[in-house]
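A.B. asks: As you go down the protein sequences, you meet chains A and B in turn. The first sequence begins at 1 in my numbering and counts up by one. The second sequence begins at 1 in my numbering and counts up by one.
FYI, nobody ran anything at the bench for these hints, they're computed from the structure. Check the hints yourself; a few may be wrong.
Said to hold, decoys possible - Once the Cα atoms are required to be at most 30 Å apart in a straight line, the calculated DSS-like pairs of lysine-lysine come out as: (1) K216(A) to K231(A); (2) K193(B) to K58(B); (3) K302(A) to K392(A); (4) K193(B) to K480(A); (5) K466(A) to K116(B); (6) K131(A) to K191(A); (7) K231(A) to K302(A); (8) K466(A) to K193(B); (9) K120(A) to K392(A); (10) K116(A) to K480(A); (11) K480(A) to K58(B).
Said to hold, decoys possible - For the chain B half of the interface with chain A, some residues (derived, Cβ under 8 Å), not all of them: (12) I72; (13) L75; (14) A76; (15) P217; (16) E231; (17) S232; (18) R236; (19) D241; (20) A256.
Claimed, not checked - From the derived model, a few chain B residues whose C-beta atoms are all more than 12 Å from chain A: (21) V83; (22) T131; (23) Y181; (24) V185; (25) V252; (26) A253.
Just so you know, these numbers come straight off a predicted model, no measurement behind them. A virtual CB, placed ideally from N, CA and C, is assigned to each residue, including glycine.
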Amino acid sequence: MSAVNELNTRGSFRWIWRQLTSMRTAIILLLLMGFAAIPGSLFPQRNQNPMRVQQYFTDNPGLAKFLDRLSIFDVYSSPWFSAIYLLLFISLIGCVLPRTIDHLRTLRAVPPLTPKYLEKMEFYSVVATDKSSALDRAEAYLRASHFRVRREESSISAEKGYIRESGNLLFHLSLILILVGVGVGGLLGMKGEAIINVGDRFINTPTSYDSLSFGKFQGEGSLPPFALTVKSFTAKYDLQTSAPMDYTLTVEAANPVGSAPKTQVIKVNHPLTYGNTNIYLQANGYSPVVTVRNKSGDLVFKGAVVFLPQDGNLTSIGAIKLPDMSPQIGFVGSFIPTYDRSKSRGAFSSFPEVLDPRLLLSVWEGNLGLDTGNPQSVYRLDTSKMKRLGLKQLVLGESYDFGEGSITFNGYTPWVNLQIVDDPGKLYSLLGATLAILGLLASLFTRQRRIWIKVGDRVEIAGLAKNGAPGLEVEIRVLKNLLEEK
Amino acid sequence: MTSANWAYLSNYAIYSSMVVFTIAFFAHAIEVAFSLRNTDSDVESASTTKFDFTRTEKSGRIGTSMMILGFILLLAGVILRGVSAGRVPWGNMYEFSITGALAFTGAYLFALWKFKVRWLGLPVVIAVLLTLGTAITILYVKSGPLVPALKSTWLAIHVSAAIVSGGVFLLANCVAALYLYLDRVEMRGPRPKWAERIPSLETLDQLSYRLVAFVFPLWTFAVIAGAIWAESAWGRYWGWDPKETWAFITWVAYAAYLHARVTIGWRGRRAAWLCLFAGSTFLFNYIYVNIYGSGRHTYSGL
Ligand code: HEM
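Kindly generate the complete structure, drawing on both the sequences and the hints.
C.D. replies: This is the structure:
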């Protein structure tokens, strides 16, 4: 490569860098990030509401596929959103760091020289005072009011409000810190969810989770070794509106596993904390407890099956799959905590607590399709290769004989969904956010201004307020009155 | 006293405040309407008709007193609502609206004291009456307890900061809109009579900027307080929930507005449009996302 060429590449690199770190670019990127965030609030997002995304795919298959190619359903982790975010990050650093260094250098600098002609400046006036002592008295006053003073032979140049730039820089640097915090959390954190029936034990290993994701640089061995046993869960609801009023989860927690367990209470706004790891109460529902026997009366299955709530009154649906029976048997069920019925809706729940429970079952026989390799939801049954044997509504304790065997509705137990999150970056973000506000306050509420006094044929005074900040006029009048001894 | 009684008291206070605001409305309207006076008996050109606010000074003062009284009654209504529910009164859209109207009136009274903006009285009182009217007719819900996720001191902090910011943002929007309107009017000729008392375009321009610069830190704080609360309730401090997304968009829009003014030097029409745009993202968040949006912030009670 020739030297000229090399110069060119270096030159164009520098040009690109200068463009990228110009303030206009940063602001445009910032605005772009605002606009780029909009589609995520208009279309359902996979990481927030996968069910609604699926619904969107069923409703508009063609459009959905097209939108999916543009990452419209994963806006905030899409390549284009990340690109804007990264460019903004680089642009901010490239633009704010040099300014900070400049500012640190000028921290002890003196105000610039008094301009030659004060007449043109703001609030110019002539002071009727004794020339010989004017500068001394003015200097004493200005220093007492925290101005930086530059005293020359026959003039004073004073400035106040350097904090404005300090605050401004602090604000912009804090934005970088927030972005760092977000990045650290994304790369080194973990987040998982687990549904646990009351009475069951959760051991913090990857296999205990229903869903679990780690940051790019975080391994599976990093989970803190605690174990929880869910002792009880109580939910209180408003009698008229069914709105939840209180959820209380009591667990026995041992950290590490095997140490003496401690009773702990988890509430919605009060997670249980181990170091950076927080354990949140996220959702709750019911698991009906059933017993299934085969034709000859042998026990095939007994246990609590997690059902998913469908409405505010916890009408819940779920599935029971018994691949070991022959032929294979599956149940599609609805659990209704407080039974009610209407012509239009059929059976439904009218209150979220269990007052009059029912279990509605439809029984299917055939191939459950579990060995096809396609992942299946545990809450739904693929009935494409099955035949319905019957339909039955059970009250507590009742059994139903469906020919190939029988099922008994023994009871129910509440379940809780725990969200377990480790975000090592959040403290940086919090610190950044706090500093950002302090910086913002300092920069928006500091008035930067200069005052000059010049002694020549007469004593003149004038000033300059940055961004037209108010108050300078009064300040100059006070100084003038003082010099004129009014 | 039972919770229902407190709720009735709150409703009475709010109805009374509306009556008082209506009086304030008439007082301000009379102040403007009757200040017209012909200086010459042979009126030829419109410019000889003058606004003489000394004639209607009394009416203006009545307007201001009624605004203060209305503010106090509304404050009482909001507090009583909180007492009846046994929590801070920010649990649903009805409550957001009455508190928002309170913040808006408070912002106006503050600006009145600080910048002498009685000319804003009429548009402000109209906006307050509309908000309260919508609140009690469409948005009203019975006083009740909070869902568990809202039981947090951060709710009080976050929502109060957000509502106060909203009140001031909207006031800044009123000023910016007035600027744009008068700017167009002035291009065609002198201002109409009623607008003569309103200060110069430059003052309006500065005023809307001051208001935004004054609350931008508070809005920033509101967003951060929301993030802290979300961290304790939902296990993440930022999740791009629609409400959060639009709060961010509002923040970005106002940051752009401040940059446009402070660092690029925009003034006047362009700045006013940008201010209106930023304010409308706030309104969009309040109305659209609360009512039609999904996400975890669906506490509108509708
Ligand atoms: C390259 C990047 C940036 C540069 C060089 C820059 C520079 C500046 C400057 C010079 C000011 C005016 C300070 C003054 O004159 O007193 C300012 C203010 C401000 N900046 Fe930035 N900025 C950048 C990016 C950002 C970003 C990404 C944000 C994010 C929101 C932001 C938010 C603000 C805010 C809110 C103010 C208002 C403070 C005031 O009015 O004084 N800036 N910035």
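A.B. asks: Next, verify each hint and record whether it holds.
C.D. replies: Tested hints:
About 35 Å separates the Cα atoms of K216(A) and K231(A), which puts this hinted pair outside 30 Å; it is violated. Distance check on the hinted pair: K193(B) and K58(B) sit about 19 Å apart at the alpha-carbon level, within 30 Å; holds. Of the supplied pair hints, the one linking K302(A) and K392(A) holds, its CA atoms being roughly 19 Å apart against a limit of 30 Å. Proposed proximity of K193(B) and K480(A) is contradicted: the alpha carbons are some 41 Å apart, above 30 Å.
Distance restraint check for K466(A) and K116(B): the Cα-Cα separation of roughly 24 Å lies within the 30 Å cut-off, and the hinted pair is therefore satisfied. The suggested pairing of K131(A) with K191(A) is violated, with an alpha-carbon distance near 74 Å, which exceeds 30 Å. Note on K231(A) and K302(A): the hinted pairing holds, with a Cα-Cα distance of about 20 Å set against a maximum of 30 Å. Between the alpha carbons of K466(A) and K193(B) the distance comes to roughly 35 Å, so the proposed pair goes past 30 Å and is violated.
The hinted pair formed by K120(A) and K392(A) fails the criterion: a straight-line CA distance of about 94 Å is larger than 30 Å. With a C-alpha separation of about 20 Å, the suggested pairing of K116(A) with K480(A) holds against the 30 Å cut-off. At most 30 Å may separate the alpha-carbon atoms for a hinted pair to count; K480(A) and K58(B) exceed this at roughly 39 Å. Against a cut-off of 8 Å between C-beta atoms, the interface hint on I72(B) is violated, since the closest Cβ of chain A lies about 29 Å away.
A distance limit of 8 Å between C-beta atoms decides the matter here; for L75(B) the minimum to chain A is near 27 Å, and the interface restraint is violated. With a least beta-carbon distance of about 26 Å to chain A, the hint placing A76(B) at the interface is violated under the 8 Å criterion. With its C-beta approaching chain A no nearer than about 5 Å, P217(B) sits inside the 8 Å limit, and its interface hint holds. Taking 8 Å as the C-beta cut-off, the interface hint given for E231(B) holds, the closest approach to chain A being about 7 Å.
A cut of 8 Å between beta carbons decides the hint on S232(B): the least distance to chain A is about 5 Å, and the hint holds. This hint holds: R236(B) has a C-beta 7 Å from the nearest C-beta of chain A, less than the 8 Å allowed. The restraint placing D241(B) at the interface with chain A holds, with a minimum CB-CB distance near 7 Å, inside the 8 Å limit. Taking 8 Å as the C-beta cut-off, the interface hint given for A256(B) holds, the closest approach to chain A being about 6 Å.
Against the 12 Å criterion, V83(B) stays outside the reach of chain A, whose nearest CB is about 18 Å from its own CB. The claim that T131(B) is not at the interface with chain A holds, since no C-beta of that chain comes within 12 Å of its own (minimum 24 Å). At roughly 24 Å from the closest C-beta of chain A, the C-beta of Y181(B) stays outside 12 Å, upholding its exclusion from the interface. The beta carbon of V185(B) is kept farther than 12 Å from every beta carbon of chain A, the shortest such distance being approximately 25 Å.
At roughly 4 Å from the closest C-beta of chain A, the C-beta of V252(B) falls inside 12 Å, breaking its exclusion from the interface. Not every Cβ of chain A is farther than 12 Å from the Cβ of A253(B); the closest lies at roughly 6 Å, contradicting the non-interface assignment.
Of the hints listed earlier, those the structure fails to meet are numbers 1, 4, 6, 8, 9, 11, 12, 13, 14, 25, 26, in rising order.
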